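> Sequence:
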Amino acid sequence: MRGAVKEIYSIYEGSGRELVIPVYQRNYDWQTKHCEQLLIDLVALQREKRKKHFFGAVVGQAEGAWRWVVIDGQQRLTTVSLLMLALSNLIKTGELACDDPHLADRIQQNFLIDSTTNETKFRLKPVKDDALAYSRLFTDDPDEWIHASNVTSNYRYFLDELPKRELTGDQWWQAIEGLEVMHLDLEHDDDPQRIFESLNSTGLALSEADKVRNLVLMGLETSEQERVYEQYWNRIEKNVNFNTDVFLRRYLISATHKIPRADEVFEAFKSYAAQQKTSGGKLLEQVRQYSSYAHDIEAAETGNRQIDLRLHRLNLLRIDVTVPFLMPLMGEYRNEVLKPDDFAAILQMIESYLTRRMLCGIGTQGLNKIFSTLYRDLRRWAPQPEPLAEVLAYKLLERDRSSAGVFPTDEQFSEAFRTRDIYRMQRERRFYLFECLENLHSKDLRDIAGGLERGELSIEHIMPQSLSAAWRAELGENADEVHATWLHRIGNLTVTGYNPEYSNASFDQKKHCDGGFDQSPYRLNNLVKQADRWTSRELAARTEHLLTDALTYWPYPTTTFVPPAPQLDNEPLGDNTDFTFRRIAAFEWQGTRHAVRNWREFLVEILRALLSEYRSDIFAFAQENNEFGDEAKADLPEYYRVTDGMAVWVSSSTA
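Numbered according to the working numbering, the sequence shown spans residues 1354 to 2008.
Hints were generated in silico from the structure; no laboratory data involved. Check each hint, because a few of them may be wrong.
List of simulated lysine-lysine pairs, DSSO-like, C-alpha gap at most 27 Å [what the hints assert, rightly or not]:
| no. | residue 1 | residue 2 |
| --- | --- | --- |
| 1 | K1722 | K1611 |
| 2 | K1635 | K1611 |
| 3 | K1359 | K1405 |
| 4 | K1386 | K1359 |
| 5 | K1623 | K1481 |
| 6 | K1635 | K1481 |
| 7 | K1630 | K1611 |
| 8 | K1386 | K1517 |
| 9 | K1359 | K1402 |
| 10 | K1722 | K1796 |
| 11 | K1611 | K1623 |
| 12 | K1404 | K1386 |
| 13 | K1591 | K1481 |
| 14 | K1402 | K1517 |
| 15 | K1481 | K1386 |
| 16 | K1635 | K1591 |
| 17 | K1478 | K1359 |
| 18 | K1517 | K1405 |
| 19 | K1386 | K1405 |
| 20 | K1722 | K1623 |
| 21 | K1591 | K1611 |
| 22 | K1591 | K1623 |
| 23 | K1402 | K1386 |
| 24 | K1864 | K1882 |
| 25 | K1692 | K1796 |
Between beta-carbon pairs, the in silico distance windows are [to be verified]:
| no. | residue 1 | residue 2 | range |
| --- | --- | --- | --- |
| 26 | E1620 | A1397 | 26 to 32 Å |
| 27 | E1966 | P1990 | 25 to 31 Å |
| 28 | R1807 | D1458 | 55 to 61 Å |
| 29 | Q1718 | S1488 | 50 to 56 Å |
| 30 | T1492 | D1452 | 25 to 31 Å |
| 31 | Q1718 | A1484 | 22 to 28 Å |
| 32 | G1633 | T1913 | 45 to 51 Å |
Only a predicted model underlies this, so the values are computations on that prediction, with no experimental measurement involved. Glycine included, every Cβ here is placed at the ideal spot set by N, Cα and C.
Using the sequences plus the hints, can you model the full thing?
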């Protein structure tokens, strides 16, 4: 790498010069506050009569004689380019006084536009959408500008602010000439990715997805970068609505069955990429496929009504730990491996599992781990194309042995359903609950959750939160006890669009007023319509009626599936496999199977097998490694005798 401190304007200089922002870079992100600080620094440079102001580092690598690919510093280079364009245009329009009559043209010709060709070419080539916004600024019609872009916003800021700062056009240019950067030019053997990571500690922090994108694209030829970006990365981001950090974490959980921290997704992906032993588009092939599956799950628009309904209601719960499990299932469904009825049954079972746990107050802490390996576990027991719903039922019920994975029984669920404080549940879960209890399996669907979210509907306490004299008379001598017991339970809660009108009105008024319960279109209010009074008796009856619906909609699974006899995994010797928490039963060497009781015994037996063929080599190896000792050490508890003259340390980790 060659480096030198130089004026930033000189980086743009030179006939035919192109400064290319590669597609793996993020978009231009600098905001007005960053531009304001730049102007403050430039004004101070002039007023304090200083000659230079250091402006950070700019790193790039030459591609041919005239193209320079910007690896770090695009924010600075783009901002200075916008500043020079604004200064040039303000001088041309006379909004900034300038003694040099040729300065505006010289700025444009020497630093912004390459006029050596018949077509207009810009010295700076920003990334993708930024490039279009940047090119539009060179037109005379502001209506053509892309106002949603940061490029346009910061250009307009410079147009507005430069005339207000009491500097002439000449003084502004002198100040820009004083901006210095550390200019680093990578050579052929330099690693652009490693250098980029080490330099990224300044400026706006990259997201985990930004770093993954750079890892995949950096190092490819420019044309290949653009192809991979358009055909893979850009499609991934659009599929997941640019929530790429979150998606990549879910993808890694699904692909590796490990759960990286949110701030360690890049490191996890880098490790994953190394294991795949591929790069570029091939590395992103499955990632792109999974992004389309994630889109299908979130959009709930597969074209199958039952599947879409279940996906929609799962999305209402916002328990996103299920997504790593659902993505490969969506892939099987799309590829006609998983049958629609089987997929719908799986979704129903997951919905029942989550809802029963939610109503029973079981925390979600263990769910991430459960769903990270669930698909792999199912497919081990049910090779394609065997149905999975039965296997899933067995697997989830098997987890009853663990409190973290328990599937609440009908008895447990019924007790919680009758007594749970529903009103104080998390709002999205409360909305989901009423959506399901209103619609159940009906094809005539009402958007209860959407109505509650938009404020068109609200949760109504049939017996109000504050008891009036009429309500005390309604409830009888145990009014306070009934009120304290039933107020926030499911039997006393419903949905209505007339909550303000009901207020604390008596039950009779709530039934018969304009828009009252007697006119309610909601199935949730059928028993309320039929009631003449509202006491603990009616509350209990409505609770049991809703519980019957709930047990039907969120059923406890049954299964006749019996898992096959355990099949031991086979792992080839020599691969970098992690055996932590795994047991060994036997190893095979040159066609002969050797049973062993543990990893210590395996280590000794494999050494003995090797000694039979490579005795001198193994002894030579042992002499150079601290894990070995002479036979005298075999009496020590942490050593084990291998053969005459050799003992091996066996208190090491499985790795």
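> Could you run down the list of hints and mark each one as holding or not?
Hint check:
1. K1722 <-> K1611: 8 Å, holds
2. K1635 <-> K1611: Holds: K1635 and K1611 sit about 22 Å apart, inside 27 Å.
3. K1359 <-> K1405: 10 Å, holds
4. K1386 <-> K1359: 25 Å, holds
5. K1623 <-> K1481: 25 Å, holds
6. K1635 <-> K1481: 22 Å, holds
7. K1630 <-> K1611: The given pair, whose Cα atoms are some 19 Å apart, holds under the 27 Å limit.
8. K1386 <-> K1517: 16 Å, holds
9. K1359 <-> K1402: Status holds; Cα separation ~19 Å.
10. K1722 <-> K1796: 35 Å, violated
11. K1611 <-> K1623: 14 Å, holds
12. K1404 <-> K1386: 24 Å, holds
13. K1591 <-> K1481: Roughly 14 Å separates the two Cα atoms, so the pair holds.
14. K1402 <-> K1517: 20 Å, holds
15. K1481 <-> K1386: With a Cα-Cα distance of about 24 Å, the restraint between K1481 and K1386 holds, given a limit of 27 Å.
16. K1635 <-> K1591: 19 Å, holds
17. K1478 <-> K1359: 21 Å, holds
18. K1517 <-> K1405: Holds, at about 23 Å.
19. K1386 <-> K1405: Holds: K1386 and K1405 sit about 22 Å apart, inside 27 Å.
20. K1722 <-> K1623: Given that 27 Å is the threshold and the Cα spacing comes to 22 Å, the pair holds.
21. K1591 <-> K1611: With Cα atoms ~25 Å apart, K1591 and K1611 stay inside 27 Å; holds.
22. K1591 <-> K1623: 22 Å, holds
23. K1402 <-> K1386: 24 Å, holds
24. K1864 <-> K1882: 7 Å, holds
25. K1692 <-> K1796: 22 Å, holds
26. E1620 <-> A1397: 26 to 32 Å: 40 Å, violated
27. E1966 <-> P1990: 25 to 31 Å: For P1990 against E1966, whose Cβ atoms are near 30 Å apart, the range 25 to 31 Å holds.
28. R1807 <-> D1458: 55 to 61 Å: 57 Å, holds
29. Q1718 <-> S1488: 50 to 56 Å: 51 Å, holds
30. T1492 <-> D1452: 25 to 31 Å: 28 Å, holds
31. Q1718 <-> A1484: 22 to 28 Å: About 46 Å separates the Cβ atoms of Q1718 and A1484, which means 22 to 28 Å is violated.
32. G1633 <-> T1913: 45 to 51 Å: 47 Å, holds
Of the numbered hints stated above, those contradicted by the structure are hints 10, 26 and 31, listed in ascending order.
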